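Asks: These protein sequence lines map, in sequence, to chains A, B and C.
What the first sequence shows, in this note's numbering, is residues 1 to 390, in sequence order.
What the second sequence shows, in this note's numbering, is residues 391 to 794, in sequence order.
What the third sequence shows, in this note's numbering, is residues 795 to 1059, in sequence order.
To be clear, the hints were calculated from the coordinates, so they are not data collected in a lab.
Only a predicted model underlies this, so the values are computations on that prediction, with no experimental measurement involved.
It is possible that part of the hints are untrue.
To be verified - Keeping only pairs whose Cα atoms sit at most 27 Å apart, straight-line, the calculated BS3-like set for lysine-lysine is:
{"no.": "1", "chain 1": "C", "residue 1": "K1042", "chain 2": "B", "residue 2": "K597"}
{"no.": "2", "chain 1": "C", "residue 1": "K929", "chain 2": "B", "residue 2": "K597"}
{"no.": "3", "chain 1": "B", "residue 1": "K442", "chain 2": "B", "residue 2": "K407"}
{"no.": "4", "chain 1": "C", "residue 1": "K948", "chain 2": "B", "residue 2": "K573"}
What the hints assert, rightly or not - Calculated Cβ distances over 10 Å to all of chain B for the following chain C residues:
{"no.": "5", "residue": "I810"}
{"no.": "6", "residue": "P829"}
{"no.": "7", "residue": "F1030"}
To be verified - From the structure, some residues in chain C lie toward chain B, with a derived Cβ separation under 10 Å:
{"no.": "8", "residue": "S835"}
{"no.": "9", "residue": "G838"}
{"no.": "10", "residue": "P842"}
{"no.": "11", "residue": "E846"}
{"no.": "12", "residue": "V848"}
{"no.": "13", "residue": "S849"}
{"no.": "14", "residue": "D852"}
{"no.": "15", "residue": "E928"}
{"no.": "16", "residue": "Q930"}
{"no.": "17", "residue": "R949"}
{"no.": "18", "residue": "V950"}
{"no.": "19", "residue": "L953"}
{"no.": "20", "residue": "N957"}
{"no.": "21", "residue": "K959"}
{"no.": "22", "residue": "D1025"}
Where a beta carbon is used, it is the ideal one built from N, C-alpha and C, also for glycine.
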Amino acid sequence: MSRTPAPYDDVAVCAPVTAPYVRFSPESAHWWAGKVLRQLAQDTGFGPADIDGFCFASFSAGPDTAVGLTQHLGLTPRWLDHLPTGGASGVMALRRAARAVQCGDAEIVVCLAADTNQIDSFRHSLANFSRFSQDAVYPYGFGGPNATFALITDAYMRAFGVTREDFGKLCVAQRANAMSNPLALQRRPLSLEAYLAARPIADPVHLFDCVMPCAGAEAFIVTTPEIAKARGLAAASVLATIERHNAFPEDPVQLRAGWAMDIDQFWASAGISPADVDSLQVYDDYPVIVAMQLADLGFCKQEDVADFIRSTSFAIDGDLPLNTNGGQLSAGQAGAAGGFQNMTEGLRQILRQPLGDQVPDAEISVVSGFGLVNYDRGICTGAAALRAMK
Amino acid sequence: MTERSPREKRDPLARKKARHVSPATRSRAMHAMSARAAQGRFVLQVCTDCDKATYPPRDACPYCWGELVWQDRPNGAEILCETVIRTSTDLYFRDHLPWRMGKVALDAGPVALVHLHQDLGVNDRAAVRLMLDRGGNAALFALPPTGEIDMTDPQLREFTVPVVGKTVLVSDASSAIGLAVVKALHDAGAGLIVAGMLPPERLTDQKHPILNLDGVQPVPLDIVDQVSLSEALSKVGGPLDIVINTARHVRGGGVSEQANIVEQRRAFDVSAIGFTRLAQACAPMLAGRSHGAFVDLISSDALAGATDNAAFAAAEAARLSLLQSFRHEMRAAGVRVLSVFTGPVEDEHHQPVPPPKVAPARLAAAIVDALHQGREQSCVGDVASDAMARWLSDPMLYAREKNL
Amino acid sequence: MNMSTNPALAAMLGEIASGAIRVIDLTNILSSDFPVIVLPSEFGQCEPFRMETVSRYDGNGPAWYWNNISMNEHTGTHFDAPAHWITGRDIPNGTVDAIPAEDFIHPAVVIDIADEAAADDDFIVTRGFLEEWEKQNGPIPARHWVLLRSDWSKRVGTLSYLNLKDDGAHSPGPDADAMRFLVHDRDCIGLGVETVGTDAGQASLFDEPLPAHSILHGNGRFGLQCLTNLDQLPVFGSVIVATPLKIKGGSGSPLRVIALAPDKD
């Protein structure tokens, strides 16, 4: 690398909004986008005419992309991006919008993810997911991502001695964190016994290792500190970001992902270390990926991940507050919005606007994104460190 | 094999079990892999520049962007991890849960997801076979690399056509080929073999040792006659699992020289129109079966014409064309349409042809083997194998040299 | 009401209506499973009857039902014309389209060989047999169809109709002397049989092979094959109506053969 990435001066991230999730919705992704934008308007006073940058992520807006959404929602942006990157979309949206604002290409950028969920949404989205999945994954039992991550989990457990109890601790902790989140779809207490006894989906993945697909939307705004202040909006600054896709292609099984390639540069750019992180919002499609992020982001060594899980409290008031809204595993996965909900939660904690319980003295959030599975591993990764602006 | 497996019995009032096939859409590169899997080959794409193998099928080398070509590759592998799928949104796999699959590191280089044989586990060595699934698309199946493979593995059975206990129709059992096929099916444990006998019937046929074997039922059948076909099928009292089309009309002759129009018409009537009649009549019966299959015996002359047997070659070419369409039609029902190519057969119709010729018994064994392996395309004997290899590598050259 | 002015025709119609004259159908049903003669495999074969429905009150023809049919000229109950055999190739008016229509109506004499045929599949009708028959029944009249009643038609639908063994077919028929007797001494119109051929099943192996075809057609006489119901006819006195299709240059054709016979009592 010949240049170090420039810092994110003069960029403010604010206005996290969530359209409450429902399990099934007859409405379209466009409707869900409209719903979260209505809320954004209420919170910020911004209307269609104010938005000059738009970044959109969705699995169910077809045949429309961000282009169709601009005309559908009455926007006339001078900066537009479409992110088909699923769980990494939130971090990637932030990175792009931040540079646009920083360089003056746009001033008020709405980053939005919206997805509907209908009875056959899951089956349809599977059938057309990616060329490699169609050719070389689903013909092998059509187990969907559950089977793909079951294979990764099987290998991960063997490689690092992580047990089902260890994964169970993560799921139980996230469920406990979800108890205070009024928008979480799953708030029934989860015990380790119940986690272990749950029915198998694709061995070794069991019921509580899986997210519940649902409909919903998430959004946030990237703008200048001046505009945020003028509107009276609490904001955060971006300390550092990384992004990496298709990392370690020679690894036979995905036991590490993109963050591991650039994590040293991440902490160096941010000027902080893992110990400084007040809230950690990682992408949690499966607990194995949560564990992978703990190691790859530098909170522990890869070979020590089991010990780290066993010796750390992930509660909102614990050693390392993790997925404090319950994560997707408890709050639900609203399609691409799953890659934004960790961003909005990370923002809320440091902006002191939590949906549920507040992480004490939260100043710095690290948000990490992951997805999509193209063949046998997640391709996209990203991470961002945010600090509350004074 | 003398134990007759009983034919399937089930409650006649219960609604018939619907058969499904999983989604069959694939990329073009994957279809190219399937076309080679159909021939029984294990292939991977290999880069013409850097020589590395890659998988899943794609359109440029991921190491150097070089051009990729399909090549036969060693099929050894090591199993890295596994899972048992217990839920699925796909109707086909739902019918077959739980389904065991895993990931292997192929000796040839890439990693691949595979179906796992019940006798394999993580860290085992495996031989990976490229087989066609019920939708007609290539899939990798990891099998024990040595020793006898347990063919009753329920997942492996989805890729093959079992013969034991099944009802099989042989369209022309009166020929030397047909009789050999009946015998081979009997020895392989077929439950009932309906032996189609070309009229006219002879008194001596009634005492033929093969036609009197246990489980063999001769019926008059001439596939060029709609009425004969309907009546023959009406005598199959229960389900029909497999049809083996051995009907052919071999007569010499050219095009502008020594053409015999009557024989040419009969050749087309048997090879092409008869094929259509047979396929049309049997397709609904086969579609309802758990392992329905249609095996067509076809001459390698179908590929590029034959100077001395022009009419026969043309009729077989028509047959080959119809096979392509028929195969596609049957995919949705999960019925396998297999082709067994042969050169000249050691029978009364090929007397003036010099060796090498294929003995009827060998042809029959190849047909049974194709069923047991689920192999879509087989070539029996040197002539057919040579013809196929030449035709595949340079069809225009082959058509020229074949007709010199 | 304008009946024929010829009293004989009028009387005939009246007697048919009253049953005094029976109309007997000597024809087998023409279908794809009616067997046809089998020749040695190196020769072209006789195609069986085939029927392909074009439409049957359906999308291919909402108000009508019709079929395409195909067959050899010698399929099913059929007529052999002189041109059918090499010996008859130069006979004038030797093809079915050229035979004068009056040759389609002739009287018949019925010779019973049923017992002999039952005892011996390969029973040969000799001149001696015919002469003996005449002693018992009276002379074979001139210009008559000679019908051999063998009851072979009762075997239709079974393997024993063609009666094929490893060495070919086995069915009764005349030898050359018998044929010369019938043609030259008795001036027969033709020979009618219940089997697939006027010749015996093994006739190609006779010293004078295939004598019925050879001698009949070489002398401009006709053949009728695959007849049935001959057991309903009197020995003398029935009239055969046999009208082959008017095929241009045809060697024969399937046809409807009927007999007009006096009532049994």
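Asks: Is the interface hint for S835(C) satisfied, with its Cβ closer than 10 Å to some Cβ of chain B?
Replies: Holds, because the Cβ-Cβ distance from S835(C) to chain B comes to roughly 8 Å (cut-off 10 Å).
Asks: Min Cβ distance, N957(C) to chain B: is it shorter than 10 Å?
Replies: Check passed: Cβ of N957(C) comes within 7 Å of chain B, closer than 10 Å.
Asks: Hint D852(C) vs chain B: min CB-CB distance below 10 Å?
Replies: The hint is violated - D852(C) has no Cβ within 10 Å of chain B, the shortest such distance being about 16 Å.
Asks: Would the pair K1042(C) and K597(B) pass a check requiring their Cα atoms to be no farther apart than 27 Å?
Replies: Violated, at roughly 45 Å.
Asks: Just to be careful: measuring from the Cβ of E846(C) to every Cβ in chain B, is the smallest value less than 10 Å?
Replies: Because about 7 Å separates E846(C) from the closest Cβ in chain B, which is inside the 10 Å limit, the hint holds.
Asks: Go through the hint on D1025(C) and say holds or violated, using the shortest Cβ distance to chain B against 10 Å.
Replies: Check failed: Cβ of D1025(C) comes no nearer than 25 Å to chain B, outside 10 Å.
Asks: Holds or violated: is the Cβ of G838(C) closer than 10 Å to a Cβ in chain B?
Replies: With a closest approach of 5 Å, the G838(C) hint holds.
Asks: Holds or violated: E928(C) as interface residue toward chain B, Cβ cutoff 10 Å?
Replies: violated (36 Å)
Asks: Verify the interface restraint on K959(C): the C-beta must sit less than 10 Å from at least one C-beta of chain B.
Replies: holds (5 Å)
Asks: Taking the closest Cβ pair, is L953(C) under 10 Å from chain B?
Replies: This hint holds: L953(C) lies near chain B, its Cβ roughly 5 Å from the closest one there, short of 10 Å.
Asks: Is the shortest C-beta separation between Q930(C) and chain B less than 10 Å?
Replies: Violated, about 34 Å.
Asks: Evaluate the condition: distance from the CB of P829(C) to the nearest CB of chain B exceeds 10 Å.
Replies: violated (6 Å)
Of the numbered hints given earlier, the model fails hints 1, 2, 3, 4, 6, 12, 13, 14, 15, 16, 17, 18 and 22; all others are met.
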